[in-house]
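*Asks:* Below, each chain spelled out in residue letters.
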Amino acid sequence: MGILLSLFWLFLKVNLLSTSGIASVGLLHQEAVGKLLTEEQFVQAVSFSSVLPGSEAEKFAMFIGLRVDGVAGALVSLLGASLPPTILMLGVFTVLRRLRRETWLTRFVKGLIPAVSVLMVYVAYGLLTGGKNPFNWQMMAVAALSLVAFIYDVPPPIVLIAAGVVGIFFFK
Amino acid sequence: MKTSGMDIQQSSDKLPPGFGIWIELFWIFFKTNLFTSSGPASVGFLYRDVVDHLMTEAEFVEAVGFSNFLPGSEALKLAMFIGFDAGGYPGTVAALLGAILPPTASMLVVMLVLQKFQNASWMQGFIHGTVPAVAMLISVAAWKMFRGSDGFQKRTLLIAALSLIAFILGAPTPLVLLGGGLLGILWFR
Numbered sequence: 001m002g003i004l005l006s007l008f009w010l011f012l013k014v015n016l017l018s019t020s021g022i023a024s025v026g027l028l029h030q031e032a033v034g035k036l037l038t039e040e041q042f043v044q045a046v047s048f049s050s051v052l053p054g055s056e057a058e059k060f061a062m063f064i065g066l067r068v069d070g071v072a073g074a075l076v077s078l079l080g081a082s083l084p085p086t087i088l089m090l091g092v093f094t095v096l097r098r099l100r101r102e103t104w105l106t107r108f109v110k111g112l113i114p115a116v117s118v119l120m121v122y123v124a125y126g127l128l129t130g131g132k133n134p135f136n137w138q139m140m141a142v143a144a145l146s147l148v149a150f151i152y153d154v155p156p157p158i159v160l161i162a163a164g165v166v167g168i169f170f171f172k
Numbered sequence: 173m174k175t176s177g178m179d180i181q182q183s184s185d186k187l188p189p190g191f192g193i194w195i196e197l198f199w200i201f202f203k204t205n206l207f208t209s210s211g212p213a214s215v216g217f218l219y220r221d222v223v224d225h226l227m228t229e230a231e232f233v234e235a236v237g238f239s240n241f242l243p244g245s246e247a248l249k250l251a252m253f254i255g256f257d258a259g260g261y262p263g264t265v266a267a268l269l270g271a272i273l274p275p276t277a278s279m280l281v282v283m284l285v286l287q288k289f290q291n292a293s294w295m296q297g298f299i300h301g302t303v304p305a306v307a308m309l310i311s312v313a314a315w316k317m318f319r320g321s322d323g324f325q326k327r328t329l330l331i332a333a334l335s336l337i338a339f340i341l342g343a344p345t346p347l348v349l350l351g352g353g354l355l356g357i358l359w360f361r
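These protein sequence lines map, in sequence, to chains A and B. Position one of the first sequence corresponds to residue 1 (the numbering used here), numbered consecutively onward. Position one of the second sequence corresponds to residue 173 (the numbering used here), numbered consecutively onward.
These are computed hints drawn from the structure, not numbers from a lab. There could be a bad hint or two in this list.
Said to hold, decoys possible - From the structure, some residues in chain B lie toward chain A, with a derived Cβ separation under 10 Å:
no., residue
1, Ser245
2, Glu246
3, Val281
4, Lys288
5, Val306
6, Ala313
7, Gly356
8, Trp359
9, Phe360
Said to hold, decoys possible - With a cut-off of at most 30 Å between alpha-carbon atoms, the simulated BS3-like pairs for lysine-lysine come out as follows:
no., chain 1, residue 1, chain 2, residue 2
10, A, Lys35, B, Lys288
11, B, Lys316, A, Lys13
12, A, Lys13, A, Lys35
13, A, Lys35, B, Lys203
Positions of the beta carbon are idealized from the N, C-alpha and C atoms, including for glycine.
The task is simple: from the sequences and hints, build the whole structure.
*Replies:* Spelled out as structure tokens, the structure:
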């Protein structure tokens, strides 16, 4: 029961403090890695979520929930992840819509965005250089190639699958 | 002789009003979430299915705007907004169900497959190879988000710098993000 509650709270928090699936990975990493899942599982969650169809935030929740506590964990995480946008949207339908964008909530998000962006880069840097993945030329080469691919707007699923295939041959 | 077209017409008359639109909403969001893997990618896809059909372009732009400016998953917010506009509360539920089904099903299948290959050496290599790509994916998404919001204003740069210092000093992440949001409330008037 304790673990279900912490999953629910984790995804509630993560989805209250980010505006999109990919933006939530920073907070997710800081809050979950080392406690609920390993760094490797975190990378798995992000890469599979980027490759598979459907909204990213829901896939993170499903993946991590399933990993940590099976189907019950997945359902509870999905509920936690879906609650903030659902309640906010109901608020939008009833009240906020008349106020348009001049609300404190949108200013909150404007301030949130620079903080979330910095967090994402911070976590990305940690993934590249941290713990289990010592700095080496193979990693840097894959990182550089991926960066170029993203700058040229290659779809993320293709880049991630290609990087994984390179990994099969070069990261033993 | 009745034609089959008339049969369909008659049977759909017995359904509650709006039923057709609920089915349509479910189908649109099911399809969109089946063929795209993230919120932003689905916007272009949705545009073709929705604009001039379920809602006007201005309403669609408003829906996308709200999805970007409120916390929570983009795909769900878009589904709920468009669902509500086109079909009221039942429309919201129909769109939401359509949006949630593809990621749920695909994740369940993948987890079953993963459990089988979890410890295979090629799987370890694959995951290892995606680490740098995932790091770049996150960085590029961060860059686009930062540049796309209010860009390089003094206040956004200041919030970014303060957050970085806080993260390096090991401040609790949710508190730092909350702090950024609160500064936003004060500074973005």
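*Asks:* None of the hints should be skipped; say for each whether it holds.
*Replies:* Here is what the structure says about each hint:
1. Ser245: At about 3 Å, which falls below the 10 Å cut-off, the nearest Cβ of chain A leaves the hint on B/Ser245 intact, so it holds.
2. Glu246: Holds, because the Cβ-Cβ distance from B/Glu246 to chain A comes to roughly 5 Å (cut-off 10 Å).
3. Val281: holds, 9 Å
4. Lys288: Violated, about 14 Å.
5. Val306: It holds, given that the least Cβ distance between B/Val306 and chain A is near 5 Å, below 10 Å.
6. Ala313: holds, 4 Å
7. Gly356: holds, 2 Å
8. Trp359: holds, 7 Å
9. Phe360: holds, 4 Å
10. A/Lys35 - B/Lys288: Holds. A/Lys35 to B/Lys288 sits at ~24 Å (cutoff 30 Å).
11. B/Lys316 - A/Lys13: holds, 23 Å
12. A/Lys13 - A/Lys35: Judged against 30 Å, a Cα distance of about 16 Å means the pair holds.
13. A/Lys35 - B/Lys203: Roughly 36 Å between the alpha carbons, so the hint for A/Lys35 and B/Lys203 is violated.
Of the numbered hints stated above, those contradicted by the structure are hints 4 and 13, listed in ascending order.
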